[in-house]
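Protein chains: 2
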Amino acid sequence: MQLASNLLENAVNEFAKLPGIGKKTALRLVLHLLKQDTAEVSHFGETITKMRTDIQFCNRCGNVSDAAICTICANPLRNQRLICVVENIRDVIAIENTQQFSGTYHVLGGIISPLDGVGPEQLNIESLTNRIQTEETEELIFALNPNIQGDTTIYYIQKKIQQLPCKITTIARGIAFGGELEYADELTLARSLTNRLPVGSYISNR
Amino acid sequence: MQLASNLLENAVNEFAKLPGIGKKTALRLVLHLLKQDTAEVSHFGETITKMRTDIQFCNRCGNVSDAAICTICANPLRNQRLICVVENIRDVIAIENTQQFSGTYHVLGGIISPLDGVGPEQLNIESLTNRIQTEETEELIFALNPNIQGDTTIYYIQKKIQQLPCKITTIARGIAFGGELEYADELTLARSLTNRLPVGSYISNR
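Note that the protein sequences, when read in sequence, are chains A and B. Residue numbering for the first sequence follows my numbering, beginning at -5 and increasing consecutively. Residue numbering for the second sequence follows my numbering, beginning at -5 and increasing consecutively.
Hints listed in this document are in silico derivations from the structure and should not be mistaken for laboratory results. In this text, all values refer to a predicted model and were calculated from it rather than measured experimentally. Check before you lean on any hint, since a few could be wrong.
Copies of one chain are not kept apart here, so a pair can be met inside one copy or by any two copies together.
[Unchecked claim] Derived pair list, reagent style DSBU-like, types lysine-lysine, alpha-carbon separation capped at 35 Å: (1) K29 <-> K17; (2) K29 <-> K153; (3) K11 <-> K29; (4) K44 <-> K18; (5) K29 <-> K161; (6) K154 <-> K29; (7) K18 <-> K29; (8) K161 <-> K18; (9) K29 <-> K44; (10) K11 <-> K44; (11) K17 <-> K44.
Just need the whole structure built from these sequences, with the hints factored in.
In structure tokens, the structure reads:
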């Protein structure tokens, strides 16, 4: 694509670096911004820059935060002895959106994946075991993606804290609501049979 | 969507203002930027802001430009007596990408559309007629979208410059390459019959 202005071209290239945004979409976004007030576009640029510069990560759980401790950890109404272990911030947002969880989180910042060169020492596992010891945690819920890496991570952490008096659970895996049995993969279907639930508990938890 | 950080939320809201970007996509983009270096994200913000602040519009043709005269108007290799009239900058880019046009452009900045409250006085028509008079333009090619507003705009400008010794043409309208006759609308098909071309000219221009 040939543009008459280097300024325009630079802006298009910056947008095109974002995931899922190609040159054509980038151009559309930049031409949209070109039609806006200078003040508005400056505000856009500053907000993005400020977000990256000023954002902090909660000292306790590793979630994004505007202060040293995030709003979830600082909330006295939440059960501080219940920790939900997640891979990243996106998972915290997904679980918060259900409005069904009233405990706290612990963001690992990834999962153990030797093929990608991610070992336990690169994740926030040390801080998790410290938390469990000092905070007298009652239950640890693993909410990791159901794959080999997720299972490896669960296994590793479980081994590390097996001496501690803390209940360890994982989110249920099975057929999703609205899913169809005939299209479910064999592993999921087999596991959902093995981990079958009493009908009463299923209906009351719905 | 509930986010633990106002900084994050502000950034998501800014991205979500862009056309075609919803809250979920905005969040994905912001979380991507969060993983980048601070310097890189600052560069992103500054490039966008600088683009809007420093960009100019060519005094002659109205195209975007880094200087008072754009690179197309300043290029001595281009035919300065041939003007292609387009609605906006996006059309200039589309025609430049064909690499088939060696004249100059004139960006109207819109088309006459009384329903949207756009009259001729809001468009760069005055500057176009001045250009034709002072630059001894040989040909004016209208490359406007084929609709009522486009036709109205062509008619208005044509009336205004009919005393001037300047050839006036419009880009061909007809069945697009790769299009199928049976799916073409009636108006296009009827016009393409009326404005049929000798077979030789069609093949040589291909």
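Now the hints, each set against the structure:
1. K29 <-> K17: Answer is both: 19 Å inside a copy and 22 Å across each meet the 35 Å cutoff.
2. K29 <-> K153: So K29 and K153 pass the 35 Å test across copies only (30 Å; inside, 58 Å).
3. K11 <-> K29: Both. Shortest intra-copy (22 Å) and inter-copy (13 Å) distances satisfy the 35 Å Cα cut-off.
4. K44 <-> K18: Result: close both inside a copy and across copies, 27 Å intra and 20 Å inter.
5. K29 <-> K161: Result: close only across copies, 33 Å inter versus 57 Å intra.
6. K154 <-> K29: between (57 Å within a copy, 29 Å between copies)
7. K18 <-> K29: both (17 Å within a copy, 24 Å between copies)
8. K161 <-> K18: Result: close only across copies, 34 Å inter versus 52 Å intra.
9. K29 <-> K44: both (23 Å within a copy, 14 Å between copies)
10. K11 <-> K44: Classified as both: same-chain Cα gap 19 Å, cross-chain 18 Å, threshold 35 Å.
11. K17 <-> K44: Cα proximity of K17 and K44: in one copy and across copies (26 Å, 19 Å).
Consistency note: the structure conflicts with none of the earlier hints.
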